[in-house]
Amino acid sequence: MNKHSKKICLTLVLLALILVSTGNSASQTIKPAYALVNCRIVPVAGPVIEKGTILVRNGLIEAVGSAGKVQVPEDAEVIKAEGLTAYPGLISAHTNLFLEPREQSQPPSPEELLRAYTQPAKPQEFPELLILEKLKTKKQIIESYQATGITTVVVAPNQGIFQGQSVVLNLNGEDLNQMVLKQPWALHINFTTERGVYPSSPMGTIAFLRQKFYDTQHYALHLQKYRSSPQFLKRPEYDPFLEALLPYVVEKKTVVFQCNNQEEIKRALRLIDEFKLNAVLTGCNEAWRVKDYLKAARTPLLVTLDFNPPDSSIYSRQGEEVKKKAESELYPANPANLAKEKINFSLTTFGLKESDFLKNIRAAIQAGLPFETALKTLTIEPARALGLEKQLGTLEPGKIANIILTKGELFGEKSKVVRVMVDGVFFEIKERTNEK
Amino acid sequence: MKPISTNKIINAHKIAKIWFSPLISLILAGLVVLALFPAASYASNQSSRVRAIINVKIVPVIGQPLESGSIIIKDGLIADLGSNLSIPPEAKVIDAKGLTAYPGMIDGYSSLGLVEISGVAATVDNRETGRINPQVKAIEALRYDSMHIPIARANGIVAALVAPSGGLIAGQSTLIKLSGWTNRQMAIKESFAMVVELPQIRSGRRSFRGFGGQQPEVTTEKALDELRELFHQARMYEKRRQAARNNLLLPLPEFDETSHFLLPVVKGELPVIFSVHGDQDIIQLIKFVKEEKIKAIFYGVEQGFKVAREIKEAGIPCLIGSLYGLPPVWEDGYDSLFLNPVILNQAGVKIAFSSSSSSSAKDLPYHAAKAAAFGLDRTEALKAVTIYPAEIFGVDDLMGSLEPGKLANIVLANGDLLELGTKIEKVFIEGQEIDLSNRYTELLEKFQKREQEKQL
Amino acid sequence: MRNKLIKTLLISSLLIFLISSATSLQANGNLLIKKATILTVSGPAIPEADVLVIDGLIKQIGQNLSAPPGTRIIEASGKYLMPGIIDTHTHIALHGTNEGTDAVTPEVNMATVINADDTSIFTALTGGVTMVHTMHGSANVIGGQNVVLKLKWGKPSEELVVKEAFPTLKFALGENVKQSNRTLLPGRPQRYPATRMGANALIRRELNRAKDYLDEWDRYEKLKKSKNPPATLLPPRRDLRLETLADLLRGKLVARCHAYVATEMVEFLNLAKEFGFKIGAFEHAWEAYKIVDELKAAGVGLSVFIDSWAYKMEAAEGIAYNAAYCTNQGLLVSINSDSGERIRRLFNEAGKAVKYGITQDEAIKLITINAAKQLGVDHLVGSIEAGKQADLALFNNHPMSAYARCDMTIIEGEVYFDREKILKERQEAAAKKGGK
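Residue numbers (numbering that gives the first Met the number 0), protein chains in the order written: chain A, 0 to 435; chain B, 0 to 455; chain C, 0 to 435.
Below, simulated BS3-like cross-link-like pairs (lysine-lysine); rule was C-alpha separation at most 30 Å, straight line: (1) B:Lys294 / B:Lys311; (2) B:Lys422 / C:Lys289; (3) A:Lys322 / C:Lys431; (4) A:Lys323 / A:Lys341.
Everything labelled a hint here was simulated from the structure, so no lab data went into it.
Please read all numbers here as calculations on a predicted model, not as lab measurements.
Isolated chain A, as found in the complex (with noise of 0.2 Å):
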């Protein structure tokens, strides 16, 4: 503990007092100004600077620029930085951060068959869900994320077909309210399948869909009818299921197509043409094999840096030996083979565990994915395709105060996230005991 964070609790505290004493609720809190002087800049938004201040106050940034250029005003607690490389903080636009492990495919045990046959299954499909309605935080999932520099995630639920809609937080301490940066962002769909109702194959799941996307439609003309013309005309029924589809049906809000495989991403895209959604597809680890489907389509991405090849894959069913090369090879190169045909994506964490996260974006860096364009896809790329371009995503005066500081350059083999700025908070970043 040095000096610095002394001084960072005595105002914590006694900015509290002043609060308590004043009534004010605790989201208004007034964070304090800081300046981080003397470090390497890579703003994303321009040039790197190789010797300048960030200035920090109330949560935003308000001056980015070389050290001579910005003056630290006299509030500032001045933070030296020698050494250290500041970047904005990063963007998984596809978790499942705080919820359970998504459901694995694995067959049913006895006991679950012989309960999912003697008592009928109910359909899972809730797309009224709301997942920041369900998230409990954990702080030692947020300082593991810290860690590896995410400081910004889409949390998406995860069961289902009609999973429900994510909400986009800052990883800025275990206050939800205070995280929240969009609600809802998404509303997400998949293509699984029921187990024991209807839909309970791909085929009738696509068949699903697009009956739910024509009655949400019918149901929005019938309302609309109904608007003007509410005489010698029946009410449309209430249906909470079409009510929650309209924003995304009739309004275009965002809709986020989980697509497993290569035919998936194919099957979405169908949709999304067939229904004019504005959608975004995300897992997509075979996105590199249907690339001229997607350049034509120009649907925004969210790609995972999970590289197992899906189960149904050509290179699942090859035996052992080809798996574990595409593994190693093929999946990896699969940003690097975008970013080559100027497909736009974002990189995600999404169905990988955290520690995964830094090995995985090396392996890809590898693979061919230039660094500029992997640090594009987990910062600006992603804040544009949340629609927070304003406000996340580079080192810009007027955008939040997400900002990390590494030794070393980010994602090289020897580097560290040591201070992770949210919100414009600084978080310790804890040693983790369990890895190697």
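Assemble the complex: chain A is given as a structure, and chains B and C must be docked to it using the hints.
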């Protein structure tokens, strides 16, 4: 199998005498035949009629093919065959011009007579519940009037190994001829071998195993450990029983069914057919067989080609599983099942083909032809459905080739025996001409009547 | 020698890459096949003749043909060339087989779940199969829509679809839809229908509903076009299930009906008459030989097994004479595999028909031109004639012989399976491994 006493045969001839009043010389001839040929002692209830198949192309399997010749059948046996034979005057002559005579085929592994309609449990008798069933005997459930048997016969198959299935020790197989009015009449060897099923090859593919989910994983190593223990128990059981027999003061051990029925196996009297698949499993099994000093036959052996030399050195014959399958692992190559018998044969391993089925037992010749399409010598393919299975089952003195003294198991075909379009015109089993009508022909005739009615 | 052979079998990674990059096998759809016995199917066999393929089409058949420079020449002396084999009933190259949760699911479409990665495609090619009718399963009385594919291994799924083929809808009758071979646990209700009566009643009910659906839309269109359409006029809800059945009634879809026993086939013919829809073929049709007159009068084709029988009660009178007898009676018969394994020996299955009363020339039609007719593509494929697509299979022996082995499979002039090449690759891989 108990050898049938000569007395019985003479009795049979006495009865025959009343009906056919044959010459004394015929009886004497019969006795001579008995002395010379082992098959004679087996052919107990055969017709003593004399038949001569003439003008026939002969593919004897053992010996050179003849473009045109005759086969003399006497007392259920092949009395003679050749090109310039004098036909006995009493012989019923069958002119087989345009036809080819082959020995009847032997199915190396089947469920004939145990499985009638696989999807109807009431008609399925090949799979006992539980894992250890040395006490169950295929012969005791054999459905002699199975609809699949006449169909197999009409394709030239005259004998088959019938094996139970399921668990680790599936039960006792039986070797049958495809004729007879009761299950016991069909038996060539009532209990031919114990059937032991080792685990299938684990492939990368996910396989759905139906209701009840995944079966617990049993490795070949574990299965062999279990067998070793069971064999040990059987030996100890026998030891205690012997001791008690010799010494009245010692307690007689309680009846142990498993040990009791494994005893002939551990004594090396009853062979074991091991259903074994992966190359490493085969290697482990060879070691096991040596250590336990048991008589072994392998069945399935899909990856046998990888360890053909080891199988050859161990001197263990192989019953090739159905070729109607896919390679168990992709890396083996798309044609590994077809090349497997070719490589085994070239390595000198004794192989026999099998239908592994009841409802498609008739396809036995096509499995052999499939291997031939992928490089198996055609005469070897033919041997692997005739003389090789006969040798493996220890009945090559009775069948498997057309040779004087062997049972007259003869098939007259209008072409290559293994060919798809070939029609089987006549089948003789132990000299008796078999009615080739079957479920197929009967139903066809029944509904052809609809057409015929119109013409009336 | 033997060791070498074994080694070559052990290693196949090279082969895999060969397969996954099928493009390397192609020759721009131009080929000259020399000196094969041409089993034209449309006419008598032509011994020692050449086939010239230009741009994927059969250009010329004759003696001593010459090809433009650069054309790949295939020496086929002593070999037999037949049209690519067509399998009229399979479930390969799909993600999913049955939407088994409902007895009526015509809205599901197999074309939406094609899986170009299915290794069964390669397996089928090794048996000379070039085209498949890949179908919904038989769990439901009214299953889903099927699709016809060319087995262009390594190409994207869209390029496999044969758009010219009849659009078909799967029906199923008998034991599968009655679920008579399922074990019911206590407390589990039996699904309707549980009898053949019920299955027919269900089809009738659904088709009546579809008629009403058509009617409802007609009424809406009329009202909309009327002089003073009511302000409250709302289009009917679009129902994909009824819409598909309406397409059947309107003749846009052809029924393919899984049926075994004579009675259920007779009754399905009656339903077709009652509602005026077309039947493409009965699938399996084990008792067709009993009702030849009725089938002939209705002009319905048969897609059958040659001799796979006695696996359930309704298959216990399935005689191996069925295909040959029905052919001799003038019915249009094809032999199908219904299996990812049997498909590679479909030529053997057809060859068996010779034993039961037809010639080799007729037998070969069961898996070529007859199948093409049943799928509505006989103007494109199914025989070797100038102008048709060059879908071809080369065999070492007459393909109706038990000793036949497929050596090469060609689709539209491109080689998708080449046994010699695979053997060479194996040897090279073995040499490489041996060298290490």
